[in-house]
Structure formats: C-alpha cells, structure tokens
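All chains, please: the whole structure from these sequences, using the hints.
There are 2 protein chains.
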Amino acid sequence: VTVPACSLNTITVRSLTLHEVIEQAQRRGIAFIAPWRDLLEPLGAAEAGRMISEAGLGVSSLLRGGLFTAEDRAGRQAAIEHNLRAIDAAAALDAGCLVLVCGGIVGRDISGSRSMVRDGIEAVLPHAHEAGVRLAVEPLHPMMIADRSVITSLGEANSLAESIGDAGVGVVVDSYNVWWDVALDDEIRRAGRRILCVQLSDWVTPIEGELSSRGMIGDGCIDLAAILEATAEAGYVGPVEVEILSDEWWARPPDLVIETVLERFESCVR
Amino acid sequence: VTVPACSLNTITVRSLTLHEVIEQAQRRGIAFIAPWRDLLEPLGAAEAGRMISEAGLGVSSLLRGGLFTAEDRAGRQAAIEHNLRAIDAAAALDAGCLVLVCGGIVGRDISGSRSMVRDGIEAVLPHAHEAGVRLAVEPLHPMMIADRSVITSLGEANSLAESIGDAGVGVVVDSYNVWWDVALDDEIRRAGRRILCVQLSDWVTPIEGELSSRGMIGDGCIDLAAILEATAEAGYVGPVEVEILSDEWWARPPDLVIETVLERFESCVR
Chain A
1 VTVPACSLNT ITVRSLTLHE VIEQAQRRGI AFIAPWRDLL EPLGAAEAGR MISEAGLGVS
61 SLLRGGLFTA EDRAGRQAAI EHNLRAIDAA AALDAGCLVL VCGGIVGRDI SGSRSMVRDG
121 IEAVLPHAHE AGVRLAVEPL HPMMIADRSV ITSLGEANSL AESIGDAGVG VVVDSYNVWW
181 DVALDDEIRR AGRRILCVQL SDWVTPIEGE LSSRGMIGDG CIDLAAILEA TAEAGYVGPV
241 EVEILSDEWW ARPPDLVIET VLERFESCVR
Chain B
1 VTVPACSLNT ITVRSLTLHE VIEQAQRRGI AFIAPWRDLL EPLGAAEAGR MISEAGLGVS
61 SLLRGGLFTA EDRAGRQAAI EHNLRAIDAA AALDAGCLVL VCGGIVGRDI SGSRSMVRDG
121 IEAVLPHAHE AGVRLAVEPL HPMMIADRSV ITSLGEANSL AESIGDAGVG VVVDSYNVWW
181 DVALDDEIRR AGRRILCVQL SDWVTPIEGE LSSRGMIGDG CIDLAAILEA TAEAGYVGPV
241 EVEILSDEWW ARPPDLVIET VLERFESCVR
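Chains A and B are the protein sequences, given in the same order.
The first sequence runs 1 to 270 under our numbering.
The second sequence runs 1 to 270 under our numbering.
To be clear, the hints were calculated from the coordinates, so they are not data collected in a lab.
Every value quoted in this text rests on a predicted model; they were computed, and no experiment measured them.
Some hints here could point you the wrong way.
What the hints assert, rightly or not - Label pairs and their in silico Cβ distance ranges:
#1 D88/B with A183/A: 29 to 39 Å
#2 S267/A with D119/B: 52 to 62 Å
#3 D94/A with A123/B: 21 to 31 Å
What the hints assert, rightly or not - Just so you have them, the derived chain B footprint on chain A, three or more residues with Cβ under 8 Å:
#4 140-152
#5 207-218
Unchecked claim - Reference excerpt, derived from the structure (chain A facing chain B, CB under 10 Å, subset only):
#6 G104
#7 D109
#8 S163
#9 A183
C-beta: ideal position from N, C-alpha, C; glycine also.
Printed below as a string of structure tokens:
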C-alpha cells in the first residue's frame, strides 16, 4: 500500500498566516497545503502562489468556491462573480482543484436550491476551463444543509457531476461528511477518477455547533483507513488533506495541533 | 385533502406526568398520544394502558425499543430482553407500533453495527407477532449515528425492512431525520404501506447538542406540508406525531408548548 502524502488544510490552524503555514510545512516536511482564500488576501493570489511555489510546496486544493444559493437573482449573480475570482485564485496557485461548498437552503425549497447550485456551476464552468481549474463538488454532512450545502451525500454529488458531464467537474470525499452513508463504498467506486480531493477529520460528540465540532483524526469513530483504502482503490493517488474545523483545536497552540496531525496521520493511513 | 389527526408525543412536554398528559389531551381535543416508556414506569404499562383507553385516547406509537448495538454478546442479549418488555408494553397500550431507535455505532465498525441491528430485530420479531405489535424502524439523522442509530436514511430503513420481509416490520418517517435526503420522495413512495408512524419537528440552527436541538414546527426550514403530502400519497392515513426534543422548548411552560404545537399543526398540515 502506498502511503498518501499529507496536505495541511489551513483551517486546521487558522490563527497562522500564510507565511507561518509555509514555514511549518517546510520545517516538518509537509509537501502540500490547502489554503483557504482569506489566508491569501493580504498578499493577493499571485504573490501567494509565488511564495508557495518557491517554498517547493504543492497546493492540493483551494478552499473555497460555491455558496451559489441566494434569495434573489442579484445574490446569485454576486456568487457567480465571487466564484470567477476564486477560479482565478486557484489558477494562480496551480491548485489541484477549487473546492465547492455549494450553498445552504433558501426558503424551504430544497429542490429549487439544488437547481441554483447546478446553474451556478454551469455558469462558471467555461471560465474554469479557460483557467485550467477543476471544480470539486463537496457533499457536506446533512447537518450542514441549512448553513452550507444542499448537496448532502456523495451519491448526490456524483449524480450532479455526472449529469453536468464535464471532466472539469469532480467531487470531494471528506470523511466527516460522508462516513455515515450506507452507500459510501459504492459511491466512492462510482466516483472513481472524479475524486479530486480527499479530506480527513473525525467524528466526535456532542456536536457543539454544526460547523466547528470536528474531531482530530484518530479521536472519533470513523474508520479513516477504510475510507482511504476505498479512495485509493477508486484510483485516487493525490495528497490527503487534514481539515479539522474545531473550536476545541483552534484554542490549542498551532505547533501542538500540527504535531498531533502528523503523528495521527501516520497511524490512520496505514 | 384530509387533515391528519395530531398526536402529542410526550417527549415534547417531558416534564408532565402521564396523568397530566392525558388531562391536557382531553381538555384540548387531542385524540392521540405517543408516550415514552419512562412515563409509564410509575404505573406499569397495563395500568397506563387502562388510563389512556378509559380517557378515550389512542396511542399512535410507543417510544421506544431498539438500541440493539453493544460491545459484547451480553450487552446485545440485554438489549433483546429490553425489547421484549417494550413489545409487551406496546401491546398493553394497543400502540400503533413500537418505534425502534436502532442503536449507535460500536467501535469503528458501521457495517458490523448494522448487522447487530438486523439480528436484534429478527430476534424479537416472533414475540412481536405473538403480541400483535408492529415494529417501526426509525432512520435517524446522520448526525446521531454515534449516539443513537446506524440506520441513517429512509432508503436504508426501507432496505432493512424489505429484506426482513415481514409485514410486522415497517418504518418511521420523522421530518427532522429525513428531510435533507435527495431521495426522500422516492423513498417515501417506496415505503408505501410500510410507513407505520409519521413524526414532525423542524430544523433550526445552530445545533447545540445533536440530540436536543430540534425546532418547533414552523420555526425552521423543513417543508413539512410537502412531507405530509408525500406520506399521504404513499397511503399513510394515521395520526401525525409532534415530537420536539429541544432544550429550548423543554425550558418553557408545557401549556405554552402544547398551545403552540396545536396552533402550528393547523398551519403546517394544510
């Protein structure tokens, strides 16, 4: 079994600047990072891309585009503009993909909200092609449907990507979001080469706020090794991100967080 | 459109005694209740059943059986014994069904945990038949997989019930647990006459603890009327329970809670 490369998703240590993230990655031999866009803002994407590339680091994904759902046409148009700029940023970083967190429910209309997501992706796809950026639809855990994503399962993301039918649109497999699904193995197989990004965090309870209660890898009840085995069998050979949105871990020193991530990564992926 | 009867699930007003619940139901013209077992304990199921029946009330379901998953054989056997007594209690109440909250994950083994659920149901099914009690598998929201149920979607519950292949095993459709699912309409249709119980609460955020953050019907983003229309089209004509597990609503006076439930029920179901 080939051990995948670890990528540090910057939200895991969100108090660090880009400069500090790069310094940590170099010092600890982490070959990839996955930055969130707010981290790039002080420098701009072009300069950030130069820094990352000069440091010899790869960018597994850029977080994030999406949020296509909105009450009115102006809001949806603003989302599209925002995504066009996110695509430019992903191109400047030579990111493996732009992760799409598709947008929460509008009103009480799930199916209408899902249509907005499809329309949004199709609207920005030509620009993604020109920029050479792949779009990765991330199904989020169903507990985030109101806040973040009406795309709630890998099956749904696969169907969306298949029906758009463009090699520039794939999916994300994030352990935290999809592990509960009885169809997970089948859907990972179905996704196959459409898997553009793999992310890890663990499931711990209680949930104290649906957006920031994730567990450190190894602390929860997800069989992470099994998910990685399934994505590898499906053909995914890229880096694996550790992405832990957690009030608890955000309160700890970033040094300790990164040390823990690396130590656990070794034991989780084998 | 026939308006369904409202059933008061007693967890919604969990500070009340059975006597108080009955008094409230009679005074307000609520024809059905759905008691949790701890409410019956001071009296015993037989006496509780007599009281409820003499008050002219129906019992839409008894909460709850299940929790079949356990680390070891002794734990699983204890769960089966517990379910046999729950079946006896459901029979004593002439309950429409016994709701099964199937049990959370054991270790990191989802598929093994799911097998324990199936084995548990099959173990108690003969006794359920003798007692004339139908068992209703409740898929819970995927955020409760660690605490309460490895059965996380209506599709999964349908497959489980179909594969057991016994008219005595059906499913519960609880809006809170299943509303996020892109396959919901299809799975409600598939469930058809297997739907033994319908429950309502609403989705509100943030989630402050995955077990007790439910919203009052009408306060959240679930299209409850659409779900009730789908279950009616699938052939369900029984009472509809309002079941709100909520720290927020538990802190309010039961009188106010019940008034709000009844007022909202009228507007949600039409």
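Evaluation of the provided hints:
A hinted range of 29 to 39 Å for the beta carbons of D88/B and A183/A is consistent with their spacing of about 36 Å. Roughly 31 Å separates the CB atoms of S267/A and D119/B, a value that falls outside the hinted 52 to 62 Å. Take D94/A and A123/B: their Cβ atoms lie about 57 Å apart, and the range 21 to 31 Å is violated. For the region 140-152 of chain A, the stated coverage by chain B is satisfied: 7 residues place a CB nearer than 8 Å to a CB of that chain, which reaches the threshold of 3.
Evaluation of the coverage hint for the region 207-218 of chain A: fulfilled, as 5 residues show C-beta separations to chain B shorter than 8 Å, against a requirement of three. For the restraint placing G104/A at the interface with chain B, the shortest Cβ-Cβ distance is roughly 9 Å, inside the 10 Å limit, so the hint holds. Because the closest C-beta pair between D109/A and chain B is about 7 Å apart, less than 10 Å, the hint holds. With a least beta-carbon distance of about 12 Å to chain B, the hint placing S163/A at the interface is violated under the 10 Å criterion.
About 8 Å separates the beta-carbon of A183/A from the nearest beta-carbon of chain B, less than 10 Å, and the hint is met.
This entry does not satisfy hints 2, 3 and 8, going by the numbered hints stated previously.
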